[in-house]
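Chain by chain, the residues run as shown.
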Amino acid sequence: MCMDCGCSIAGNVELKTHDRKIEINRGILSKNDRLAEQNRNLFKKQELLVVNLLSSPGSGKTASITRMQIEQLKQKSDFRFKIGVIVGDLATDNDARRLRSKNIPAVQITTGNACHLEANMVAKAAHKLDQNNLDLLIIENVGNLVCPAAYDLGEDLRIVLLSVTEGEDKPLKYPTIFKSAQIVIINKIDLAQAVEFDRDIAIANIQKIAPQAQIFEISAKTGQGVDSLLVFLFSMLKIKTLTQSVYSSSK
Amino acid sequence: MMQNTLDIAIAQAKQNNATKIDRLTMNIGELSGVVTEALEFAFEVLVQDTIAENAELEIKTISVVCHCKKCDRTFQPEAYIYQCPNCKQISSDVISGRELELASLVIS
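Residue numbers (the working numbering), protein chains in the order written: chain W, 1 to 251; chain R, 1001 to 1108.
Excised from the complex, chain W in its bound form (with noise of 0.2 Å):
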């Protein structure tokens, strides 16, 4: 009999009688769901539409973002909405340098070697950007189809971008992001025919993987098919802000 606490020990087997199991069943991202619930609460004090904007490096975040802006202002003033962005990459501030540069609020944050935004850089950003200023927050994730998928930032929509030099089955490649993504937007249509971009299958693996997307086809250079996005986008902000007004009038 062991000495210390009475269990039996015979020989060389440790018979485990100290041993107990308890049950925990916590998510391991809980630190970063519990900032991004954090963040997703003062968007909505804000009244800021937020969208967590995904893609492979090179498929034309900024450049939609820059167009986006762009075709906004060609809207009658009611329609317009001012765009702000968070944007992430492993090093420099261009992608920051290139938004100011059309008159976008921009924050940029430099990674290091992380591969994807989390929650708390997220929160940390905000806080540079003066938001009551601004209907429309993009977060500009760091160029990966596969980290980012896992981290809430708070977001309220996630759009998955892909260009047509990409390929048809990209979808069946990063099902996890897709599967993610409310919007699914397929750019650089204007060189479309010159990489014989099949655009029926591209379509038809979309919607076999996320049939919940809705599918916006743009050119961010021509700026061709921008308009649907911003009024989705509008339409997105206004049920938003309504939304809210009906349940704290009902306080």
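Some hints here could point you the wrong way.
Stated by the list, open to error - Distance ranges between label pairs, derived from CB positions:
1) W:Val-231 <-> R:Lys-1070: 28 to 36 Å
2) W:Gln-244 <-> R:Gln-1076: 32 to 40 Å
3) W:Asp-227 <-> R:Lys-1060: 47 to 55 Å
4) R:Asn-1086 <-> W:Lys-31: 37 to 45 Å
5) W:Gln-38 <-> R:Pro-1085: 36 to 44 Å
Unchecked claim - List of simulated lysine-lysine pairs, DSS-like, C-alpha gap at most 27 Å:
6) W:Lys-208 <-> R:Lys-1088
7) R:Lys-1014 <-> W:Lys-31
8) W:Lys-74 <-> W:Lys-238
9) W:Lys-221 <-> W:Lys-76
Quick caveat, the hints were computed from the structure, so don't treat them as lab data. Backbone N, C-alpha and C fix where the C-beta goes; we use that ideal spot for every residue, glycine too.
Following the hints, complete the assembly by docking chain R onto the known chain W.
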């Protein structure tokens, strides 16, 4: 991710007056986006010099289960195309498979 897991595990173990963690069980859904080998590798590195040093890591893979609204029944899809075997409609309603959690500990 493994660091987060260990932080939670060690905190829970200490809260329960344990001096050693013998086993860590994680539930990882097929759709969580996690590479189990990477987690296992990280585990071996991170447990050194902690109360989980000799712990066994058990990873339970949780299958994706979808719900078909039309048929009002659940099904387990083949691969990444979530097609109902009955009506062939594609579902986006995922009931399980996204888990990324620390399920339980065996402590002493």
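Could you see if the CB distance from W:Val-231 to R:Lys-1070 stays within 28 to 36 Å? 30 Å, holds
R:Lys-1014 paired with W:Lys-31 [C-alpha distance capped at 27 Å]: Judged against 27 Å, a Cα distance of about 19 Å means the pair holds.
Is the straight-line distance between the alpha-carbon of W:Lys-221 and that of W:Lys-76 27 Å or less? 22 Å, holds
Go ahead and decide if the range 47 to 55 Å is satisfied by the Cβ distance of W:Asp-227 to R:Lys-1060. 48 Å, holds
Could you say whether the range 32 to 40 Å given as a hint is met by the Cβ separation of W:Gln-244 and R:Gln-1076? 39 Å, holds
Please verify whether W:Lys-208 and R:Lys-1088 have alpha carbons no more than 27 Å apart. Status holds; Cα separation ~11 Å.
Kindly confirm whether 37 to 45 Å is satisfied by the beta carbon distance between R:Asn-1086 and W:Lys-31. For W:Lys-31 against R:Asn-1086, whose Cβ atoms are near 40 Å apart, the range 37 to 45 Å holds.
Cβ distance range 36 to 44 Å for W:Gln-38 and R:Pro-1085, holds or violated: 41 Å, holds
Starting from W:Lys-74, check that the Cα of W:Lys-238 is at most 27 Å away, please. Holds. W:Lys-74 to W:Lys-238 sits at ~19 Å (cutoff 27 Å).
Hint violations for this structure: none, all hints satisfied.
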